[in-house]
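Enquirer: As a plain string of letters, each chain reads:
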Amino acid sequence: TQLLEQSPQFLSIQEGENLTVYCNSSSVFSSLQWYRQEPGEGPVLLVTVVTGGEVKKLKRLTFQFGDARKDSSLHITAAQPGDTGLYLCAAATGTASKLTFGTGTRLQVTL
Amino acid sequence: KAGVTQTPRYLIKTRGQQVTLSCSPISGHRSVSWYQQTPGQGLQFLFEYFSETQRNKGNFPGRFSGRQFSNSRSEMNVSTLELGDSALYLCASSLLQGFSRSGANVLTFGAGSRLTVL
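Quick note, the sequences are listed as chains B and W, same order. Residue numbering for the first sequence follows this note's numbering, beginning at 1 and increasing consecutively. Residue numbering for the second sequence follows this note's numbering, beginning at 112 and increasing consecutively.
Since the hints were made in silico from the structure, they are not lab data. Treat the hints with care, since some could be wrong.
Only part of the chain W face toward chain B is listed, based on derived beta-carbon distances under 7 Å [said to hold, decoys possible]: (1) Gly151; (2) Gln152; (3) Gly153; (4) Leu154; (5) Phe156; (6) Phe171; (7) Val217; (8) Gly221; (9) Ala222; (10) Leu226.
Residues of chain W placed beyond 10 Å of chain B at every Cβ, according to the derived structure [said to hold, decoys possible]: (11) Val115; (12) Leu122; (13) Gly127; (14) Ser144; (15) Gln155; (16) Leu206.
Please read all numbers here as calculations on a predicted model, not as lab measurements. Ideal Cβ placement from N, Cα and C applies to all residues, glycine included.
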């Protein structure tokens with residue numbers, strides 16, 4: 001069974017701080033996605049990374065896929081209260097339709 | 112365009128009962144996947160349907176089943192409910208089946224059906 005370990009599990013920071021969330025596995029993935037889920041809602045896709053070493057930026061969010069396609073990180077610059085939520089990484093293996101989700105990182109950004 | 116619609120949003124059942132959850136995908140999407148989300152296990156894949164056929168199945172007992180209709184709407188059923196089945200059941204639709212190396216396929220999730228088993 002593939003496992004995606006995310007760290008940290010919980011993160012409480014103040015507005016304006018930077019943070020990094022990690023997603024690690026011993027398995028190689030064909031692609032990896034990051035989602036954010038808010039209370040009462042389903043996860044919303046933020047980004048998909050497919051190439052080892054790839055870096056993608058989405059406004060204040062920077063996503064990186066490890067060279068060996070086994071790990072990924074999400075960096076948020078100058079966090080805002082609107083960034084609060086559960087961040088999930090999810091990986092696909094081959095062309096299978098099944099996604100394996102990470103354990104999740106719950107982020108709270110306070111004023 | 113309308114998103115993924117799941118009904119009911121909330122429901123309470125007792126042990127031993129059965130439940131049916133419904134998912135209407137985004138118009139034009141032919142793939143529907145189901146996931147179970149619990150605080151202890153996180154998000155776990157249940158199954159995926161594409162063109163009315165189950166294409167992939169997660170590691171859940173046979174009490175969990177599903178189907179897809181010709182209009183791509185999907186239902187999942189859980190029989191003989193157990194306390195541990197209490198969870199948020201999420202449905203996601205996508206245009207394509209599977210995830211290519213290009214990452215072109217995108218899952219859009221519904222808001223979920225929260226099931227409480229007493």
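Enquirer: Are the hints correct? Go through all of them and say.
Expert: Status of each hint after checking the structure:
Among the interface hints, the one on glycine 151 of chain W is violated; its C-beta lies about 10 Å from the nearest C-beta in chain B, farther than the 7 Å criterion. Annotation: glutamine 152 of chain W was flagged as interfacial toward chain B, and the flag is violated, the nearest CB pair being 9 Å apart, outside 7 Å. Hint on glycine 153 of chain W holds. Least Cβ distance to chain B is approximately 6 Å, under the 7 Å limit. Among the interface hints, the one on leucine 154 of chain W holds; its C-beta lies about 4 Å from the nearest C-beta in chain B, closer than the 7 Å criterion.
Using the Cβ-Cβ criterion of 7 Å, the hint placing phenylalanine 156 of chain W at the interface with chain B is satisfied: the shortest such distance is roughly 5 Å. With 7 Å as the threshold, the beta carbon of phenylalanine 171 of chain W stays out of range of chain B, its nearest partner Cβ sitting at about 12 Å, so the hint is violated. Checking valine 217 of chain W against chain B: minimum C-beta separation of about 6 Å stays under 7 Å; hint holds. For the restraint placing glycine 221 of chain W at the interface with chain B, the shortest Cβ-Cβ distance is roughly 5 Å, inside the 7 Å limit, so the hint holds.
Annotation: alanine 222 of chain W was flagged as interfacial toward chain B, and the flag holds, the nearest CB pair being 5 Å apart, inside 7 Å. For leucine 226 of chain W, the suggested interface contact is broken, since its CB lies about 15 Å from the closest CB of chain B, more than 7 Å. With a minimum CB-CB distance of about 7 Å to chain B, valine 115 of chain W fails to clear the 10 Å threshold, and the non-interface call is violated. No beta-carbon of chain B is positioned within 10 Å of the beta-carbon of leucine 122 of chain W; the least distance is around 15 Å.
Once the 10 Å rule is applied to beta carbons, glycine 127 of chain W is consistent with being away from chain B; the minimum gap is 28 Å. The claim that serine 144 of chain W is not at the interface with chain B is violated, since a C-beta of that chain comes within 10 Å of its own (minimum 6 Å). Here glutamine 155 of chain W does not stay apart from chain B, with its beta-carbon only about 7 Å from theirs, under the 10 Å limit. Even its closest Cβ contact with chain B, about 12 Å, leaves leucine 206 of chain W beyond 10 Å, as expected for a residue assigned away from the interface.
Violated hints, listed in ascending order, are 1, 2, 6, 10, 11, 14, 15; each of the other numbered hints is respected by the structure.
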